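Hey, can you work out the whole structure from these sequences and the hints?
The numbering of the sequence shown is this note's numbering, which starts it at 1 and goes up by one.
Here are the simulated distance ranges between beta carbons:
1. Ala75 - Ile104: 38 to 44 Å
2. Ile104 - Arg10: 56 to 62 Å
3. Ile63 - Ser42: 14 to 20 Å
4. Gly48 - Asp69: 20 to 26 Å
5. Ile104 - Lys38: 52 to 58 Å
6. Asp60 - Asp26: 23 to 29 Å
7. Arg65 - Cys27: 21 to 27 Å
8. Arg10 - Arg65: 28 to 34 Å
9. Pro71 - Asp26: 16 to 22 Å
10. Ile11 - Lys41: 18 to 24 Å
List time: in silico DSSO-like cross-link candidates among lysine-lysine, alpha-carbon distance up to 30 Å:
11. Lys41 - Lys9
12. Lys38 - Lys57
13. Lys38 - Lys9
14. Lys57 - Lys41
15. Lys57 - Lys9
Derived by calculation from the structure, the hints in this document are not laboratory data. Keep in mind that this is a model prediction, so the values were computed, not measured. Every residue, glycine too, gets a C-beta built ideally from N, C-alpha and C.
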Amino acid sequence: MVNPQTRNKRISLDDRISNFIACAVDCGYSNRDSLTRKEVKSICEQTGIVYPRWLAKNPDRRICRGGYDFPELAAAGVSTPTVPEGHIEDDPQSDVELQAHEEIAI
Numbered sequence: 001m002v003n004p005q006t007r008n009k010r011i012s013l014d015d016r017i018s019n020f021i022a023c024a025v026d027c028g029y030s031n032r033d034s035l036t037r038k039e040v041k042s043i044c045e046q047t048g049i050v051y052p053r054w055l056a057k058n059p060d061r062r063i064c065r066g067g068y069d070f071p072e073l074a075a076a077g078v079s080t081p082t083v084p085e086g087h088i089e090d091d092p093q094s095d096v097e098l099q100a101h102e103e104i105a106i
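Here it is, written out as structure tokens:
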């Protein structure tokens, strides 16, 4: 988790934004391009960071009442490979053994 911001220390806007984005990703809000006010408060409560005033004061980020634009979240999200539904590897150890035998043969 990212260290909470303190009131006694000056932090640049870029660092505050990246700190908030890291906290949002840690809380499971990656791969999204917007957040609601309720989600922002939840992130602050879970991580201990202060409410981002830079967000509330920036009219360019506001997309609707209580909704904020976060293109950084979509970029920060890590995509995970999808497995087709119903696909279960019956013996994952067999692949490891096969690969080991191939390496020994080389």
